[in-house]
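K.L.:
Since the structure of chain A is already known, use the hints to place chain B on it.
2 protein chains.
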Amino acid sequence: VVVRRLPIYARALEHLAAASERVISSGRLGALVGVSADQIRKDLSYFGEFGRKGAGYRVDALAATIRGILGLDQERRLAVVGLGRLGRALAAYPGFVDRGFRVVALFDRDPAVVGQEIASLRVLPMESLGEVLAREGVTVGIVAVPAEQAQAVTDLLVASGVRALLNYAPITVATPPSVRVGDVDPVVALQSLAYYLKAGEPSEQAS
Amino acid sequence: VVVRRLPIYARALEHLAAASERVISSGRLGALVGVSADQIRKDLSYFGEFGRKGAGYRVDALAATIRGILGLDQERRLAVVGLGRLGRALAAYPGFVDRGFRVVALFDRDPAVVGQEIASLRVLPMESLGEVLAREGVTVGIVAVPAEQAQAVTDLLVASGVRALLNYAPITVATPPSVRVGDVDPVVALQSLAYYLKAGEPSEQAS
Numbered sequence: 501v502v503v504r505r506l507p508i509y510a511r512a513l514e515h516l517a518a519a520s521e522r523v524i525s526s527g528r529l530g531a532l533v534g535v536s537a538d539q540i541r542k543d544l545s546y547f548g549e550f551g552r553k554g555a556g557y558r559v560d561a562l563a564a565t566i567r568g569i570l571g572l573d574q575e576r577r578l579a580v581v582g583l584g585r586l587g588r589a590l591a592a593y594p595g596f597v598d599r600g601f602r603v604v605a606l607f608d609r610d611p612a613v614v615g616q617e618i619a620s621l622r623v624l625p626m627e628s629l630g631e632v633l634a635r636e637g638v639t640v641g642i643v644a645v646p647a648e649q650a651q652a653v654t655d656l657l658v659a660s661g662v663r664a665l666l667n668y669a670p671i672t673v674a675t676p677p678s679v680r681v682g683d684v685d686p687v688v689a690l691q692s693l694a695y696y697l698k699a700g701e702p703s704e705q706a707s
Numbered sequence: 501v502v503v504r505r506l507p508i509y510a511r512a513l514e515h516l517a518a519a520s521e522r523v524i525s526s527g528r529l530g531a532l533v534g535v536s537a538d539q540i541r542k543d544l545s546y547f548g549e550f551g552r553k554g555a556g557y558r559v560d561a562l563a564a565t566i567r568g569i570l571g572l573d574q575e576r577r578l579a580v581v582g583l584g585r586l587g588r589a590l591a592a593y594p595g596f597v598d599r600g601f602r603v604v605a606l607f608d609r610d611p612a613v614v615g616q617e618i619a620s621l622r623v624l625p626m627e628s629l630g631e632v633l634a635r636e637g638v639t640v641g642i643v644a645v646p647a648e649q650a651q652a653v654t655d656l657l658v659a660s661g662v663r664a665l666l667n668y669a670p671i672t673v674a675t676p677p678s679v680r681v682g683d684v685d686p687v688v689a690l691q692s693l694a695y696y697l698k699a700g701e702p703s704e705q706a707s
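Chains A and B are the protein sequences, given in the same order.
Quick note on numbering: the first sequence equals residues 501 to 707 in the working numbering.
Quick note on numbering: the second sequence equals residues 501 to 707 in the working numbering.
Looking at chain A on its own, in the form it has when it is part of the complex:
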């Protein structure tokens, strides 16, 4: 769970660095990311000692440390499978490179899509996936195919050396325990929020 918050802290620290801020208190960092100062101190102390009591954190140093903890000091190479609307948007997303990821390969099973150029990359056929991933050193995959293809695509990515993947398909995919999956189905995210919407409404009985 801490590992889910660290990228949020890193993102806030990068915005601060871009605004030429040099030092930040746990209270202010907490306010920026929506957690308490205590939580910030607790999360960071989990990985060692940072800053001095009362002196705040050095923005650059803390950002670098968090990037190190997350393994972002090394660029991760990424493949996108499925070049529908969402896959295209992700393939062309400008926010990856500055933050540790580079899209290096695109795959689709549709012959009409294979060969198209998206964000300076040519879409390749599924048959070449294993060979290209090995050659390009891809360790992270993005699955942006329909639900019924998601497991087969996941299996192929895992067999080709991918060890972490983001799954935008609306289905849970099974992987070996050594492979991490981030479930990023937008509807799942919305449905979790809907629960809280309901809590604020008059109940049907009462209305």
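Derived by calculation from the structure, the hints in this document are not laboratory data.
Keep in mind that a hint or two might mislead.
[Claimed, not checked] Straight-line Cα separation of at most 35 Å, DSBU-like style, residue types lysine-lysine; simulated pairs:
no. : chain 1 : residue 1 : chain 2 : residue 2
1   : A       : LYS698    : A       : LYS542
2   : B       : LYS698    : A       : LYS542
3   : B       : LYS698    : B       : LYS542
4   : B       : LYS542    : A       : LYS542
5   : B       : LYS542    : A       : LYS698
P.N.:
Below, chain B without anything else, positioned relative to chain A:
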């Protein structure tokens, strides 16, 4: 945290229902969604009694109950702000309607984008946002604008009655406590995964 897993259970139950399955054990449901049978039973018991010991859950009934818990028995109306690549993909995403959400309004601040038709909706100017959201009964927003515009867009959505939003912009937005935000920055999701990638690699010292 349970509330984050319920949509995953609902999604799996819908796939089972589509495959004409009528009854499922907590063990098999757990295997489908990647959690233990105990966790399934514990999560569901939090909301009452379901199924009978040893008899499994009725797929349809459990799906309906979870939809009720999440407030999905009522369709939520959605606005997308920012019709860049990602916003367009979300505006046209076919997976919302069956699962409780309907995109009813699109907004962009770029005069060249306003007036375009995307997924049968015309993109509207930001100035009309308040009026349109009130008229259309929009309670959920998707923020798909660049980081530097995300807070202003969020403030406008909140002022116009939105009580839950998905934020795709790479920045934490501040909202009143009554408004829920899902942070769905793809890079944050990737960075959390990267931590686990690193754990499987030989350390620099050792290599």
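K.L.:
Does each hint hold? Answer for all of them.
P.N.:
Quick rundown of the hints versus the structure:
1. Using a Cα cut-off of 35 Å, the hinted pair LYS698/A and LYS542/A holds, with the two alpha carbons roughly 32 Å apart.
2. Between LYS698/B and LYS542/A, the direct Cα distance comes to roughly 22 Å. Compliance with the 35 Å bound is thereby established for this hinted pair.
3. Distance hint between LYS698/B and LYS542/B is fulfilled; the C-alpha atoms sit about 32 Å from each other, no more than 35 Å.
4. This hinted pair checks out: LYS542/B and LYS542/A have alpha carbons roughly 28 Å apart, not beyond 35 Å.
5. For the hint pairing LYS542/B with LYS698/A, the CA-to-CA distance comes to about 22 Å; that is within 35 Å, so the pair holds.
Of the numbered hints given earlier, the model fails none.
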